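Protein sequence lines, in the order shown, are assigned to chains A and B.
Read left to right, the first sequence gives residues 1 to 395 (the UniProt record's numbering).
Read left to right, the second sequence gives residues 1 to 395 (the UniProt record's numbering).
Hints may contain errors.
Copies of the same chain look alike in the list, so a pair counts if it works inside one copy or between any two.
Pairs of lysine to aspartate or glutamate residues, derived as EDC-like cross-links and limited to a Cα-Cα distance of at most 20 Å, are as follows [what the hints assert, rightly or not]: (1) 154 / 176; (2) 377 / 388; (3) 151 / 178; (4) 125 / 159; (5) 108 / 334; (6) 369 / 388; (7) 88 / 145; (8) 336 / 127; (9) 291 / 319; (10) 229 / 262; (11) 369 / 91.
Hints in this document: simulated from the structure, not taken from any laboratory.
A quick note: this is a predicted structure, and the numbers were derived from the prediction, not measured.
Protein chains: 2
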Amino acid sequence: MLRKTRLFTPGPTPLLPAAQFAMAAADIHHRTPEFRALYQRVLEQLKAFVGTQNDVLLMACSGTGAMEASVSNLTSPGDRVLVLSAGKFGERWVALTKAYGCNPDVIKVPYGSTFSLDEVRAALKPDTRAIFMQATETSTAVRNDVEGVAKLIKETGSEALLVVDGITGLGTTHFDIDAWGVDVIIGGSQKAVMIPPGLAYLSVSERAWAAMEHSKNPRYYFDLRRERKSAKAGESAYTPSVALIAGLGAALDYIASQAGGDLAAGRENLVNNAETIAAMMRAAVQALGLKLFAPDSPAAAVTAVLPPEGVDSGVVVKELKGRFAAVITNGQGEMKGQIFRIAHLGFFDYMDTIALIGALEHVAMHTLKLPGFTYGKALTAAQQVFADRVLTAGK
Amino acid sequence: MLRKTRLFTPGPTPLLPAAQFAMAAADIHHRTPEFRALYQRVLEQLKAFVGTQNDVLLMACSGTGAMEASVSNLTSPGDRVLVLSAGKFGERWVALTKAYGCNPDVIKVPYGSTFSLDEVRAALKPDTRAIFMQATETSTAVRNDVEGVAKLIKETGSEALLVVDGITGLGTTHFDIDAWGVDVIIGGSQKAVMIPPGLAYLSVSERAWAAMEHSKNPRYYFDLRRERKSAKAGESAYTPSVALIAGLGAALDYIASQAGGDLAAGRENLVNNAETIAAMMRAAVQALGLKLFAPDSPAAAVTAVLPPEGVDSGVVVKELKGRFAAVITNGQGEMKGQIFRIAHLGFFDYMDTIALIGALEHVAMHTLKLPGFTYGKALTAAQQVFADRVLTAGK
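Bound conformation, chain A alone:
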């Protein structure tokens, strides 16, 4: 049988053809009116996509680069900060804040869980300078409560800045950045916006810009003030990733085109799309008789599944790739072998989803030999979810 390679990974995600074509055609110099027009357009589009009136900046780096920029620009050595850690990416905030000399208080919850707001309230101190968190913890497929933390900051009168890694959260989670008071939210190109890795973007509130003036950390490439100044002139401070920016513009055009040209509505469509696909996938894996790793607060961006007792999750990853060229991911770090993860963020549709569930059924029957499982159970469960959420609802 032929096998088409298909990514079901939480970044990189499947590429949008229109973005690929725009990237291939992006043969322009970056200090020209042509580029400035493109750059300003894409920055405006990103504001609508993020859903904020704050500045949004683009940088040629991975999401981690933008995470570092938010630490180096907003903190000083010796600052007390609070990290809400629910997995590998929460641990990255701990490492980053320590690398810049901060003293992080850390709420670390078991993998597969999220923290409670009571824990956050108890850990938030009068001198906490910033809270760093993930919107969705990609390593465990958990959704964290950004709105709840934002409200808590307001309620308690805390002056802490709220910095959110939305790298897999943007485009999979409903946010109201400005109303909630999120000071920084960070996204990456290889996620819901359907283009390859290499670009990060982040929104920065006025409160954050003000705080930046007091930071004593060294920074140059990631100096957000310099980047903001350049952006106002329609340029990037350093050489931009031109092709990716052209691709991002095309992808945002596509997202808007799915909602009559309205990018904010297109973003909501994209979130609903991920939610429906995630609901199909959760129903399917449970019908297989498998357990969700994060049943209580599952992200729409990615679903993490426990393999059957005594089976290495790598077997599922390997079989899906070997037999169907469907690429999913294993657990990260010490979670390797313990969960497998299937992504729903970005350019996925019904057809992709039901096909992967069909392939999973074969792995369940042929490789895992799951007791009591018969063909069609997982597919039927997913079909019913799609029918209820989309066809009956008339979406």
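Given the structure of chain A, go ahead and fit chain B onto it with the hints provided.
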């Protein structure tokens, strides 16, 4: 929900990305050593793909152009020929042979059926100059018996040439061109070889080359003798379709790569792939409670399905496109509204197939409201076919 446009049409078929990239890069002049090297390589690859030692020629035209070339080069006005017509493309042979002044005897079977060899035996006359037939009749999804007709010609000692439209048959049907004695077989680029329309290819036997010397029909662009002479020098007689030829080379490379670099084995894989997908689809539509249009001699290239009593088949076509961006085809000509057709030739895999069956289930439930149908029936039937043919067989 997002919807990715996917073709399930019997030409054009889904494009192979590697071929698209080769086409985009094909910025070469056609009277150069670079092009000659490419052209000679692709012609050799085509011989292996067709499975013949005969010359294979490429032409910048659609499949119909190569059909015309086989008529204009092999017949003269007043010649008696035999056309085996099982649908719209059989009727095209009738029109073409008449356009060149032949007197065609026509075996015309009802749509959805194929002819019997007894009918062919009775219609084959001592002065029949050529038999024109389809390997698979795309308009009705019927497979015709090329091997049987070829044997009949040999058995009866007939001198008739056998000209086969293999446009959707090549890559979906097992052929042994030289052993059977097929004089001409015609293929098209937008079919099993996974590239856009615009190229036709055909193999020509020594018997056919000899017959060509006696043809009194006018021909210039489609003069196969001139094209053969140019091909021996590594060129095309007239300006070739350079990008498509580069794409075809990449597609044939891909087909070979699926069988350790052996193009003949790759072709057999491709045929088996189409057969498995067709078997999945037939099982699925029957599980839906629908009837096959050509149950007795179904092609692997395409499956034709009768809609429920009183329903226009266009409803299924429209719903699949509107709700899932899955493009299938209606019946052609007077068959419009009476059948819908789903293709399996070329770059289709398990994932494409099971996804389309999932979408068909929604059309069955939500739009057609088929009595007694419940979610999962069609999917389960297809899953079982795949398991039996591929997983259990260890393919």
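Now the hints, each set against the structure:
no., hint, verdict
1, 154 / 176, "within (15 Å within a copy, 78 Å between copies)"
2, 377 / 388, "both (17 Å within a copy, 18 Å between copies)"
3, 151 / 178, "within (12 Å within a copy, 78 Å between copies)"
4, 125 / 159, "within (10 Å within a copy, 98 Å between copies)"
5, 108 / 334, "within (15 Å within a copy, 69 Å between copies)"
6, 369 / 388, "between (30 Å within a copy, 15 Å between copies)"
7, 88 / 145, "within (17 Å within a copy, 61 Å between copies)"
8, 336 / 127, "neither (38 Å within a copy, 74 Å between copies)"
9, 291 / 319, "within (19 Å within a copy, 35 Å between copies)"
10, 229 / 262, "neither (28 Å within a copy, 59 Å between copies)"
11, 369 / 91, "neither (36 Å within a copy, 52 Å between copies)"
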